[in-house]
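Protein chains in written order, with the numbering used here: chain V, 1 to 95; chain L, 1 to 402.
Because the hints were derived from the structure by calculation, they are not lab data. Warning: the hint list may mix true and false statements.
[Said to hold, decoys possible] Negatives, chain V to chain L, calculated, CB over 12 angstroms: (1) Arg29; (2) Ala32; (3) Val33; (4) Val34; (5) Leu37; (6) Thr58; (7) Gln59; (8) Ser60; (9) Ile64; (10) Leu74; (11) Gln75; (12) Gln77; (13) His78; (14) Lys83.
[What the hints assert, rightly or not] Example chain V residues on the side facing chain L (calculated, C-beta under 7 angstroms, incomplete): (15) Leu4; (16) Asn6; (17) Val7; (18) Asn8; (19) Leu9; (20) Ile10; (21) Pro11.
Note that CB positions come from ideal geometry on N, CA and C, so glycine has one too.
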Amino acid sequence: MIKLKNVNLIPKEILERDPFFKRFCKGRRVYAVVLILSLVVGSLAQEITLGILKWNLTQSKRKIQEAKIKLNQLQSQHVQLQKIKDQLNRESLQT
Amino acid sequence: MSSESPRNLVEEIFKTRTVNRKRVSSLFSRMELPSTPETPSQETSGGKSVNTSPAVEVGSTAMRILQLAKTSHGLEIVKIAYRPLDPEGLTPTTTIQDSLKKLIEDYKITGPVVASLPLSKIQVLSFVLPHMPEGEIEQATTWKLKSNLPQGQTFRGITFDYVPCVFPQRRLNHKEIRVLVFVASKPIVMEHIKLFQDCSLKLIAVEPKPYAILKALMWFGRIREEEIVLVLYLGASQSSVTIVYHGYPFLMQPLSISGRGLTQVIANYHRFDLKKAEEIKKQEGSAKSICWPAISSQVENLVFDIEHTLRSFSHLMGSPSLTFHRILLAGGSSDLPHLATFLADRLSVPVEVFNPLNGAGLSGSTGSPPRFKQELAPLVKENAVSFCSVLGLAAGSIDDKT
Numbered sequence: 001m002i003k004l005k006n007v008n009l010i011p012k013e014i015l016e017r018d019p020f021f022k023r024f025c026k027g028r029r030v031y032a033v034v035l036i037l038s039l040v041v042g043s044l045a046q047e048i049t050l051g052i053l054k055w056n057l058t059q060s061k062r063k064i065q066e067a068k069i070k071l072n073q074l075q076s077q078h079v080q081l082q083k084i085k086d087q088l089n090r091e092s093l094q095t
Numbered sequence: 001m002s003s004e005s006p007r008n009l010v011e012e013i014f015k016t017r018t019v020n021r022k023r024v025s026s027l028f029s030r031m032e033l034p035s036t037p038e039t040p041s042q043e044t045s046g047g048k049s050v051n052t053s054p055a056v057e058v059g060s061t062a063m064r065i066l067q068l069a070k071t072s073h074g075l076e077i078v079k080i081a082y083r084p085l086d087p088e089g090l091t092p093t094t095t096i097q098d099s100l101k102k103l104i105e106d107y108k109i110t111g112p113v114v115a116s117l118p119l120s121k122i123q124v125l126s127f128v129l130p131h132m133p134e135g136e137i138e139q140a141t142t143w144k145l146k147s148n149l150p151q152g153q154t155f156r157g158i159t160f161d162y163v164p165c166v167f168p169q170r171r172l173n174h175k176e177i178r179v180l181v182f183v184a185s186k187p188i189v190m191e192h193i194k195l196f197q198d199c200s201l202k203l204i205a206v207e208p209k210p211y212a213i214l215k216a217l218m219w220f221g222r223i224r225e226e227e228i229v230l231v232l233y234l235g236a237s238q239s240s241v242t243i244v245y246h247g248y249p250f251l252m253q254p255l256s257i258s259g260r261g262l263t264q265v266i267a268n269y270h271r272f273d274l275k276k277a278e279e280i281k282k283q284e285g286s287a288k289s290i291c292w293p294a295i296s297s298q299v300e301n302l303v304f305d306i307e308h309t310l311r312s313f314s315h316l317m318g319s320p321s322l323t324f325h326r327i328l329l330a331g332g333s334s335d336l337p338h339l340a341t342f343l344a345d346r347l348s349v350p351v352e353v354f355n356p357l358n359g360a361g362l363s364g365s366t367g368s369p370p371r372f373k374q375e376l377a378p379l380v381k382e383n384a385v386s387f388c389s390v391l392g393l394a395a396g397s398i399d400d401k402t
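Input sequences plus hints: build the corresponding full structure.
Spelled out as structure tokens, the structure:
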């Protein structure tokens, strides 16, 4: 069968008008790949850093909580000891 | 102190962002976009069929749409539509645009489309180049066109494409390449692109109408390589003649006859209104009856034009005894009653009318005729012969996709 070629009267400058990104990538494929890879690596690094910071924050919060509990315990002990001391003072004065 | 929750300033400032976003990480969020409808040029039914880009034609009397699909069973018509315009051809552009918008809305046409440009808006030039490698033809054609520009045109103001006729060397002993160049004015093509753009369609190809018809004939195997065929396109407002030599369009010329012109002469001769004249034309055609005195000069001129074209062709080929094997009639006015028999008698060659929606006409390169799941609309059936060019456009784009 005879196959005639397609004829197209749309001006070439309109047919070849690509979006900016496509035009940028055309002939700069290596740059585009490097750009995309660096974006991916950068975002991964940021995610990891944020994760580490978050973990540190949780650890610190736990430590603070523990310290607070310890402080409460010491404070209640201190109150009790103060009471005992007062009682002993009163007894010594009476004798 | 009020018990209201604190104001979210960020939300207040950016409240225009109403689309739901799903947080996927501490950095990124994914926008939940509404699902987009499927475009027609996608693979369907498990990847078994490939749809062509819809072919949309804005003619002088009607608009036509045709979309084909290549399936494992052969060709299939996906969409077909015919909408008449003002028969006088006086429809203003805004009305054309509105009609086109409505038609594409009704038939859900989206994405890239292909269209044709009438011969009246195109100039066809024929160049002879010395034999050269195919890669150099474009450069040589551009150079030749620059030195033979159509009158009143500048090279920057035109757009062109070409068909090289590279005949088999050994058999024909041709030492030259003939190039058929289609030239159109850039503003005209841009106007056409804008018409489709305003209807939210992307026009990806504009082909000359007679060439699209030729492609349809070739695609459906109606022209054999070894024969010389004269393709007569008879449209409502324009006509053309093309000589196909060894499978290539060798010569393409506009003709003065047209379907509307015939209606007008019948109306003038018998003092009928155009509607009645059109009815009589469709009933009687070129039979020796009421129409004949009115249209005889036009039809005789057509015969003269065909003979003249053949003489030009013979002269170009340097062989005075050259004859063509067949005449193929195509276009909306090609089914004029008795026209084919009249031409066959006068020119002593077989004359065939190409009906693209006839099963026999569509048994193309795929081997089996295309099917249409639904019954064709009466208006489509009535005007089946006028679907040649849209069929050529649609068939051309299926070749690109497969």
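Now for the hints, and whether the structure bears them out:
1. Arg29: The assertion about Arg29/V holds, with a minimum of 25 angstroms to chain L.
2. Ala32: Non-interface label on Ala32/V holds, nearest chain L Cβ at 20 angstroms vs cutoff 12 angstroms.
3. Val33: holds, 21 angstroms
4. Val34: holds, 21 angstroms
5. Leu37: At roughly 17 angstroms from the nearest Cβ of chain L, Leu37/V sits farther out than 12 angstroms, so the non-interface label holds.
6. Thr58: Correct as stated: the minimum Cβ-Cβ distance to chain L is 14 angstroms, above 12 angstroms.
7. Gln59: holds, 18 angstroms
8. Ser60: holds, 18 angstroms
9. Ile64: Since the minimum Cβ distance to chain L is about 23 angstroms, Ile64/V lies beyond 12 angstroms and the statement holds.
10. Leu74: Since the minimum Cβ distance to chain L is about 35 angstroms, Leu74/V lies beyond 12 angstroms and the statement holds.
11. Gln75: holds, 31 angstroms
12. Gln77: holds, 38 angstroms
13. His78: holds, 36 angstroms
14. Lys83: Per Cβ check, Lys83/V is outside 12 angstroms of chain L; nearest 39 angstroms; holds.
15. Leu4: holds, 5 angstroms
16. Asn6: Holds, about 5 angstroms.
17. Val7: Given a least distance of 4 angstroms, the restraint on Val7/V holds.
18. Asn8: holds, 5 angstroms
19. Leu9: holds, 4 angstroms
20. Ile10: holds, 5 angstroms
21. Pro11: With a minimum Cβ separation of about 4 angstroms from chain L (threshold 7 angstroms), the hint on Pro11/V holds.
Checked against the numbered hints listed earlier, the structure breaks none of them; every hint is satisfied.
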